[in-house]
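Protein chains: 2
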Amino acid sequence: MTERDAARVLAHPEAAGIRLESVLHALSDPVRLSIVRDLAATDAELACSYFDLPVTKSTTTHHFRVLRESGVVRQTYRGTAKMNGLRREDLQTLFPGLLDSVLAAAAAEASRLGGLAT
Amino acid sequence: MTERDAARVLAHPEAAGIRLESVLHALSDPVRLSIVRDLAATDAELACSYFDLPVTKSTTTHHFRVLRESGVVRQTYRGTAKMNGLRREDLQTLFPGLLDSVLAAAAAEASRLGGLAT
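Residue numbers (my numbering), protein chains in the order written: chain A, 999 to 1116; chain B, 999 to 1116.
Extracted from the complex, chain A is given alone in its bound form (with noise of 0.2 angstroms):
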């Protein structure tokens, strides 16, 4: 690996070093709980450009560095764009069925308040 290249990775957290308490940290924020949901929603990864969100450019990558250090997604340079990934397994392993009633809440929420939430 060139010293570009170890630039260009994203510290993340080892799936033994993720906390329940930062995870929910970072489920918290209904515009990061949105991200979540778009991600939960394909197999894919998305770029960040790939997101719509209602906050500035900063903000975005502030959420998304968010969800990388709690070990939430997984962020990994393509060319120029930054992908981003669940990490559905390690949680998974960590916190059985946390990710998924959390999911469904949130769409139980966003049904519930006619599309007024995440």
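Hints were generated in silico from the structure; no laboratory data involved.
Keep in mind that a hint or two might mislead.
To be verified - Stretches of chain B that chain A covers, calculated by requiring three or more beta carbons in the stretch to come under 8 angstroms of a beta carbon on chain A:
hint	region
1	1084–1096
2	1102–1110
Stated by the list, open to error - Output of the computed footprint for chain B on chain A, the stretches with three or more beta carbons under 8 angstroms from beta carbons of chain B:
hint	region
3	1025–1037
4	1084–1098
5	1101–1112
Beta carbons are placed, not taken as given, at the ideal position from N, Cα and C, and that holds for glycine.
Given chain A, put chain B in place with the hints provided.
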């Protein structure tokens, strides 16, 4: 209800006003999560003074307020004691399985970390 009684009734969100993001935020703090785990382990209501928490009294009060205002616990005065109970039914109706999966995840994490976590 006398004025004095009214002042002692604490504000809670109705079930329809409980928001997933607020619930997840309330659960994302280790002290609050430990309170919820203790409450989940009993059918009884527990006084704030029951909990032996590694924080100051004012911080303890803050944590209980966050839990109450998010809809996770119901607080009522009994004499001079503030009693706390989990709003299990409201949460289960709104977000089926969510509380149980968080409690299971908290237990798994505590077991995995050998008592280092809540």
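Hints, one by one, checked against the model:
Beta-carbon proximity to chain A at under 8 angstroms applies to 5 residues in the region 1084–1096 of chain B; the threshold of 3 is reached and the given coverage holds. Coverage of the region 1102–1110 of chain B by chain A holds [criterion: at least 3 residues with CB-CB distance below 8 angstroms; count 6]. By the rule of at least three residues with a Cβ nearer than 8 angstroms to a Cβ of chain B, the coverage given for the region 1025–1037 of chain A holds, with 5 such residues. Requiring three or more residues with a Cβ within less than 8 angstroms of a Cβ of chain B, the coverage given for the region 1084–1098 of chain A holds, as 6 such residues are present.
With 6 residues carrying a beta carbon less than 8 angstroms from a beta carbon of chain B, the region 1101–1112 of chain A meets the three-residue requirement, and the given coverage holds.
Going through the hint list in order, the structure satisfies each hint without exception.
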